[in-house]
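As a plain string of letters, each chain reads:
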Amino acid sequence: MAELSANNLTVSVGPKRLLEDVTIAFAPAKLAAIIGENGAGKSTLLRVLSGYQKLDTGQALLDGRDISAMRPVERARSIGWLPQALPSALPVTVRDAVALGRFAHGGTPHRLGEADTRAVDDALLACDLAELADRSTTSLSGGELARMHLARALAAATPVMLVDEPLAALDPRHRLNTMEMLADLAVRQGRTIVVVLHDVGLAARFAHRIIMMRQGKVMADGTPREVVTPAIIADGFGVELGVDNSVGWPQPVFLAPINSAAAESQTG
Amino acid sequence: MRGNVILWLTAWLLIACLASIAIGPVLLPPAGLARLLGEHGDPAIATILFDIRLPRTLAAAIAGAALGISGAAMQGLLRNPLAEPGVMGVSASAATAATAVIYFGIAPLAAWAVPIASLGGALMATAFLTLAGLRTRGIATLILIGIALSAFAGALMALFVNLAPNPFSLSDLINWTAGSVANRDTDDIAIALPFILAGCALLLSVQRPLGLLVLGEESAHALGVDLMRVRTVVVLGTGLATGGAVALAGMIGFVGLVAPHMVRAFVGHDAGRTLLPAALAGALLLVVGDIIIRVWPWGNELHLGTLAALVGAPLFLLIALKHGTIRHG
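Here the protein sequences line up with chains G and Y, keeping their order.
Residue numbers for the first sequence follow this note's numbering, so the first one is 1 and each next one is one higher.
Residue numbers for the second sequence follow this note's numbering, so the first one is 1 and each next one is one higher.
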């Protein structure tokens with residue numbers, strides 16, 4: 001059980017503010033989804049929580065410890081991060097690529113202990129890759145590659161998982177599978193899972209909590225029913241929204257883009 | 001598999017070293033060496049063996065190993081299959097610094113001056129390339145930066161030669177730029193070897209994390225790689241090994257390119273796992289190359305760097321074309 005928190009995070013690159021005074025905490029056994037328009041600061045927040053991004057001010061903490069001060073291997077055993085930018089293909093088999101996830105536990109693709117092998121096998125199975133395990137990654141489709149990278153993050157078996165847009169290249173079946181799996185990992189294994197998503201519908205259906213970001217700030221934070229509302233979505237995405245509650249969750253129906261003058265009058 | 005490759009390469013390297021000792025204007029077959037060196041043997045044979053052939057063979061093997069491992073490490077760190085000390089200007093920078101020390105009359109003051117200058121040049125170039133690698137994404141861009149660095153180092157070398165207060169011989173300069181292990185003695189080896197060994201040891205100490213850089217820096221960080229440490233160790237290790245190799249044998253290009261590519265077919269693409277096999281392959285390449293130039297039947301003896309470029313440059317083109325086809329095809 002790991003509690004992830006961040007206090008007063010501010011990040012700038014040159015004159016541009018990527019995050020501005022963000023304070024947030026993520027509880028164990030919950031799947032939290034971060035949504036927001038392009039450039040809202042979603043990926044930057046994950047980079048900070050993974051200890052990769054340098055901060056102007058503030059602190060990211062894991063169970064009260066400063067993440068940026070943790071030893072790399074120790075941090076990697078606790079916090080898994082699947083970044084957005086990933087290599088298109090690696091000149092190795094799928095199994096070996098997934099086994100790279102065991103680095104912090106001492107495993108390598110060529111020397112896997114019992115626990116490493118189990119973690120790799122479980123990750124391959126969870127991501128529907130067992131049949132492709134011995135194929136070269138160079139022969140995989142975009143969606144299969146995305147699942148392979150997710151499997152590598154799963155193989156690391158970390159109590160905290162930060163996953164940046166894992167669904168982008170996936171077909172509907174694997175999108176649903178992946179979201180079900182992440183929610184299941186959070187609930188059954190007590191992991192703290194934070195996922196950046198563009199699919200508001202899947203966030204509303206599977207996440208326990210949705211955080212809407214805009215211009216480097218947290219704009220809304222709550223349950224799917226609290227966040228997926230016409231007013232908040234209009235403000236965050238500039239899109240007119242209808243909500244279908246008949247399916248058991250607040251399923252968004254995006255109706256039309258709102259021009260900025262109209263958006264201002266709606267939120268102001 | 002990798003263990004077998006290392007054993008095979010070691011065996012071939014030993015055979016090549018024995019051949020290198022044996023082959024030359026005077027044949028020294030290994031089987032007859034004991035008799036030739038014995039009580040009633042010819043003292044000239046001992047001179048040829050211990051003062052000429054053995055140092056030359058060792059110099060070729062040591063410089064080749066240093067360049068092979070440096071190429072494998074640079075390719076891993078920069079995630080660029082075309083990176084190697086020669087192409088990227090590291091060797092040229094080392095040679096330029098060494099030339100400056102020679103032509104400005106500093107070299108005679110201390111035996112360590114040339115290798116230290118050579119190391120300094122190599123370290124600066126490697127550090128510069130690593131910084132450039134952090135800011136550039138394209139493989140071609142980084143290669144172009146390396147080529148510019150190489151050209152700049154070459155121009156600086158020409159400038160030093162122009163400004164040098166000491167008269168110099170053209171053959172001396174050619175020895176540096178075209179690369180050679182002829183006329184090396186055990187002192188030359190003793191001076192360069194500690195730096196090369198230290199460089200190799202540093203590089204081998206990061207072979208596990210180096211293999212993860214293929215995923216990109218963010219993913220490697222996520223999996224627990226200490227990026228700053230790996231970068232620093234590879235810069236230092238490559239600088240020491242390449243600087244030592246240049247101090248010993250001058251500029252010999254393409255070994256660091258060809259050796260890792262040779263072994264990759266057998267040991268896979270994990271940059272860390274190619275380090276040791278690439279060192280052995282580099283040593284084998286230069287020892288065999290040095291035998292070839294000694295038995296070269298046409299005209300004067302070729303320089304080792306010239307032969308390396310004759311073989312290596314077309315291979316560089318092939319690799320570049322193959323890579324371009326994969327990326328854009």
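I should point out that these hints are in silico values taken from the structure, not numbers from a laboratory.
A virtual CB, placed ideally from N, CA and C, is assigned to each residue, including glycine.
Be aware that one or more of the hints could be misleading.
As the list claims (entries may be wrong) - Cβ-to-Cβ under 7 Å is the rule here; a few derived chain Y residues that face chain G:
{"id": "1", "residue": "A178"}
{"id": "2", "residue": "A182"}
{"id": "3", "residue": "D185"}
{"id": "4", "residue": "Q207"}
{"id": "5", "residue": "V214"}
{"id": "6", "residue": "L215"}
{"id": "7", "residue": "H221"}
{"id": "8", "residue": "D226"}
{"id": "9", "residue": "M228"}
{"id": "10", "residue": "A265"}
{"id": "11", "residue": "L302"}
Unchecked claim - Calculated cross-link-like contacts (lysine to aspartate or glutamate; reagent style EDC-like; alpha-carbon spacing at most 20 Å):
{"id": "12", "chain 1": "G", "residue 1": "K217", "chain 2": "G", "residue 2": "D244"}
{"id": "13", "chain 1": "G", "residue 1": "K54", "chain 2": "Y", "residue 2": "D226"}
{"id": "14", "chain 1": "G", "residue 1": "K54", "chain 2": "Y", "residue 2": "E217"}
{"id": "15", "chain 1": "G", "residue 1": "K217", "chain 2": "G", "residue 2": "D56"}
{"id": "16", "chain 1": "G", "residue 1": "K217", "chain 2": "G", "residue 2": "E165"}
{"id": "17", "chain 1": "G", "residue 1": "K30", "chain 2": "G", "residue 2": "D235"}
Each hint, compared with the structure:
With a least beta-carbon distance of about 35 Å to chain G, the hint placing Y/A178 at the interface is violated under the 7 Å criterion. Contact between Y/A182 and chain G, as hinted, is not supported at the beta carbon level, the nearest pair being about 39 Å apart and thus beyond 7 Å. With its C-beta approaching chain G no nearer than about 41 Å, Y/D185 sits outside the 7 Å limit, and its interface hint is violated. Taking 7 Å as the C-beta cut-off, the interface hint given for Y/Q207 is violated, the closest approach to chain G being about 10 Å.
A distance limit of 7 Å between C-beta atoms decides the matter here; for Y/V214 the minimum to chain G is near 6 Å, and the interface restraint holds. At about 6 Å, the closest approach between the beta carbon of Y/L215 and any beta carbon in chain G falls short of 7 Å, and the interface hint on this residue holds. Checking Y/H221 against chain G: minimum C-beta separation of about 5 Å stays under 7 Å; hint holds. Taken as an interface hint, Y/D226 checks out: its beta carbon lies about 4 Å from the nearest beta carbon of chain G, inside 7 Å.
Annotation: interface hint on Y/M228 violated; nearest CB of chain G at approximately 9 Å, more than 7 Å. Look at Y/A265: its Cβ only gets to about 11 Å from chain G, farther than 7 Å, so that hint breaks. Proximity of Y/L302 to chain G is violated relative to the hint, the smallest CB-CB distance being about 35 Å (cut-off 7 Å). Proximity of G/K217 to G/D244 is assessed by CA-CA distance (about 28 Å); at most 20 Å being required, the pair is judged violated.
For the given pair, G/K54 sits about 15 Å from Y/D226 by alpha-carbon distance, which is consistent with the 20 Å threshold. Under the criterion of a C-alpha separation no larger than 20 Å, the hint pairing G/K54 with Y/E217 is consistent with the structure, at around 14 Å. Between G/K217 and G/D56 the CA atoms are separated by roughly 15 Å; this keeps the pair inside 20 Å, and the hint holds. Taking the CA atoms of G/K217 and G/E165, the gap is about 19 Å. The hint holds against a cut of 20 Å.
Between G/K30 and G/D235 the alpha-carbon distance is near 26 Å, which puts this suggested pair outside the 20 Å criterion.
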